[in-house]
Amino acid sequence: MSWIDIGALADIPERGARVVKTELGCVAVFRTAEAEIFAVSNACPHKAGPLSEGIVHGRRVTCPLHNWVFDLDSGEAVGEDARIATYPTRIAAGRILLDGTALRKRSAA
Amino acid sequence: MKQKLIIIGAGMASGRLIEQVQARDPEAFDITLFNAEPRGNYNRIMLSPVLSGEKTYAEIVTHDDAFYAENGITCRFGEHVVAIDRARKVVVGQKGEVAYDKLVIATGSAPFIIPVPGKDLPGVVTYRDLDDTNAMIEAATKGGKAVVIGGGLLGLEAAAGLSDRGMDVTVLHLMGHLMERQLDEAAAHLLRCDLEKRGLRIITRASTAAILGTDRVEGVMLEDNTGLEADLVVMAVGIRPETRLATDAGIEVARGIEVNAQMQTSDPDIFAVGECIEFDGHLFGLVAPLYDQARVLAGSLLNGPDAFVVKDTATKLKVTGCDLFSAGDFSEGENREDIVFRDPARGVYKRLVIEDDRLVGAVMYGDTADGNWFFDLIKNETGIEEMRETLIFGPAYQGGDQANPLSAVAALPPEAEICGCNGVCKGTIVEAIHAGANELGALRSATKASASCGTCTGLVEQLLQVTLGDAFQMPTVQPVCGCTDLSHEDVRRLIKTKELKSQPAVWQELGWTTPNGCHVCRPAINFYLLADWPLDYRDDPQSRFVNERKHANIQKDGSFSVVPRMWGGITNPRELRAIADAADKYGVPTVKVTGGQRIDLLGVRGEDLPAIWSDLNRAGLVSGHAYSKGLRTVKTCVGTDHCRFGTQDSTGLGIKLEQMLWGSWTPHKVKLAVSGCPRNCAEATCKDVGIVCVDSGYQIGVAGAAGMDVKETERLADVATEQEAIDLTVAFIQLYRENAKYLDRPYKWVAKVGLDWVRSRVVDDLAERSRLIDAFELSQSVYRRDPWAEHAQTRAQSYTPLADLTLEAAE
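First to last, the sequence lines map onto chains A and B.
Sequential numbering of the first sequence, starting at 1, is according to the UniProt record's numbering.
Sequential numbering of the second sequence, starting at 1, is according to the UniProt record's numbering.
Careful, some of the hints might be misleading.
Heads up, simulated SDA-like pairs for lysine to any residue below, C-alpha to C-alpha not over 20 Å straight-line [to be verified]:
#: 1; chain 1: B; residue 1: Lys102; chain 2: B; residue 2: Val90
#: 2; chain 1: A; residue 1: Lys21; chain 2: B; residue 2: Ser798
#: 3; chain 1: A; residue 1: Lys21; chain 2: B; residue 2: Tyr799
#: 4; chain 1: A; residue 1: Lys21; chain 2: B; residue 2: Gln797
#: 5; chain 1: B; residue 1: Lys556; chain 2: A; residue 2: Asn67
#: 6; chain 1: A; residue 1: Lys47; chain 2: B; residue 2: Ser561
#: 7; chain 1: B; residue 1: Lys556; chain 2: A; residue 2: Cys26
#: 8; chain 1: A; residue 1: Lys47; chain 2: B; residue 2: Asp557
#: 9; chain 1: A; residue 1: Lys21; chain 2: B; residue 2: Ala796
#: 10; chain 1: A; residue 1: Lys47; chain 2: B; residue 2: Gly603
#: 11; chain 1: A; residue 1: Lys47; chain 2: B; residue 2: Arg605
#: 12; chain 1: A; residue 1: Lys21; chain 2: B; residue 2: Leu805
#: 13; chain 1: B; residue 1: Lys556; chain 2: A; residue 2: His46
#: 14; chain 1: B; residue 1: Lys556; chain 2: A; residue 2: Pro45
#: 15; chain 1: B; residue 1: Lys4; chain 2: B; residue 2: Pro268
#: 16; chain 1: B; residue 1: Lys556; chain 2: A; residue 2: Val69
#: 17; chain 1: A; residue 1: Lys47; chain 2: B; residue 2: Asn547
#: 18; chain 1: B; residue 1: Lys556; chain 2: A; residue 2: Ala43
#: 19; chain 1: A; residue 1: Lys21; chain 2: B; residue 2: Glu607
#: 20; chain 1: A; residue 1: Lys47; chain 2: B; residue 2: Lys556
#: 21; chain 1: A; residue 1: Lys21; chain 2: B; residue 2: Asp557
#: 22; chain 1: A; residue 1: Lys21; chain 2: B; residue 2: Asp804
Not everything, but these chain B residues come out facing chain A in the computed CB check (under 7 Å) [unchecked claim]:
#: 23; residue: Gln542
#: 24; residue: Ile554
#: 25; residue: Thr806
Example chain B residues on the side facing chain A (calculated, C-beta under 8 Å, incomplete) [to be verified]:
#: 26; residue: Glu334
#: 27; residue: Thr514
#: 28; residue: Val546
#: 29; residue: Asp804
Calculated directly from the structure, the hints in this document are not laboratory data.
The structure displayed is predicted, hence computed values, not measured ones.
Glycine included, every Cβ here is placed at the ideal spot set by N, Cα and C.
With the rest of the complex left out, here is chain A (with noise of 0.2 Å):
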């Protein structure tokens, strides 16, 4: 694991999310709680829909084209067969780290 630091928490509002470019595309990075941190693929996989612009609800996020429900924990749509690629965070120190490694090895996919 590399963990990079890509911001601070209070960066990103409670309930709310922010995007990370990567080489092969946005990573959402959402904050649930007061220190909860997630990182998924930014594309709903139904029609690529930014999952970063949905309303975050619970560990939950709905995807605002056309409301498809995920948990972020696991990636996995609720109530659809289909699931979101899911990468590793951290918090420390009021900053927001995600794993590079993980991210590269979604770049050579």
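Could you slot chain B onto chain A? The hints should help.
Just chain B, lined up with the frame of chain A:
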């Protein structure tokens, strides 16, 4: 021969360590105890009762002079340690050196001081030790105003203590809810209510900009320019491990002094314990793990090795009258399920988090009697499969009929209170059911159960089902969503009657079954709250659909459309040039004239939105709200200005209406039109409000539709003057804002309440009409502004990616 042991710091952990070492082998060490404070070990977690006056210092001393004398401990109190010389194995105190064989660093933590101007003024105190506590007690004797910065455990205890001592206390908290590390929003809402009842003023999302004063503190200024008077400021925003001595001595320090499971630092003869350490990435602030560490360390020092493991801890707040409990991990997750119990009448909230048939977290407020039982279930990882149905009712209700989903209700004793408003217990309801009240309405008139606020309706219905079995058919009201059994109408009514002014208040008081709603209910509740309490409630962007959060319409490829407002459909060359320039500059692929008489720029990249808005703002263009559940357009024809048939200035009236109404949020989108004559070129007769000008004045039609349904407007009234036309329009829209269900267009709402009901309020009752107009104006004092300008100036950052790792890879 005895080894020489030096302990730096006389806090909770070191006190326990000395006891453990002396109990196991009193002959092993010559102990020297340094403490920067001029006193020995006392129970720091009891400082809050000392502050509030419930205890004295003498009562919280854990080790007195006699103890140190009896155990032959050399006390160097009131003396700072200057350095640790590891090469010579000596500790350098202010009054001289002491040699050691083994050294324990127990320096605890230091309060975090926020770096704002004025932080060093006299009258600004922290809350860590007895001197701080005494300083606060001293300040409180003079009375006056105190501001506590930080709404965590420590801050709230300080605030409650100062308030008990007669000060007028305001708590400032940076986050959206109090004690966010220990509580979820619902529990924090109840805590806030209780603290406010005690006279504390609480401001959340409060960011301190400066502490004001010349010779001593006089006030606090917030980032939003709110000024607060203060005679005393307490900083309780957090703590950080006190690691300076270790760092200077070259011992490995991360956030805290790094130790292994034997509490050993990177120097094998030096150990550390308590709040100053970091173990496996964890820091420690509660007392239970500190005691564990002290026990392990005693073993390490005496060759009785043991290993420290991080365990769950439970939190309780030491403020009289605020009963809360929090333990374990209560965040949500895929494999996790919540069991939520709310009793609004008693102010009780309990939430259990379950994963793989194990209880992993618990948050409780108002009734924490079962807290330790739940904490045991968490610590012992007890399987809870067998008692799941009744788990939340606590240990007293285990062992009922598990197969029946209604068993929790069935298991309640006859004296259990079901309806808190009217004090009706289960026995009374069951008796009434046996006496013939076999449906909800009859039961309500017989017992008054669920007849007031209605939040216990679900329970009462379950009792009907338990008692009558299949003879009772559960009614089918259309609930807002899966988070509640209440309908939109019920929720709106309860928000008004119970004066619920925040989302956590709605979730708690109306018994939401999820921690923070879902994508269906959140936008609705957000609207209801801002419509009913425009000054008290602040719009929550995170509860809005992306279009309303980003003030642009998301397109199928994730790009956005930008539609500037053209008042009444009128524009000019300067505006058109600015639009053309913006389309060029941002590579807008499609420019389209809309049905609402304005121009749509389609395909703008999300990141470009603040910049394009800024450019359009410079030409005087503002948001057209083409994305909102709010006023969209007022379509007009050219009226008397140019048209040979025009009877009134339809364009002028359209512009006036649009300037009056823009920016307002409504249950669904609202479209208006004003036609200058009955030829109706502006197609006013299929709008939410459509005005047709005639020689004698204005015909006002409402509740038209031209979308999924097509429907002609119904005549609300004919009026003679332009002002009356404006008044009736505003009053109609406000009545719609106050009463309609979220996502009902006016035609659907009017069909439900009837045009007569609307007319009686908007047209006939002049007092009500003017109340509606005033209420609308009050709301517009907050919302009649351009969100594009606001976002371009203050929130542009949030439209950009948080980071761009593609750049890094290229380097």
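Query raised in the report: What are the numbers of the hints that this structure violates, sorted from low to high?
Result: none
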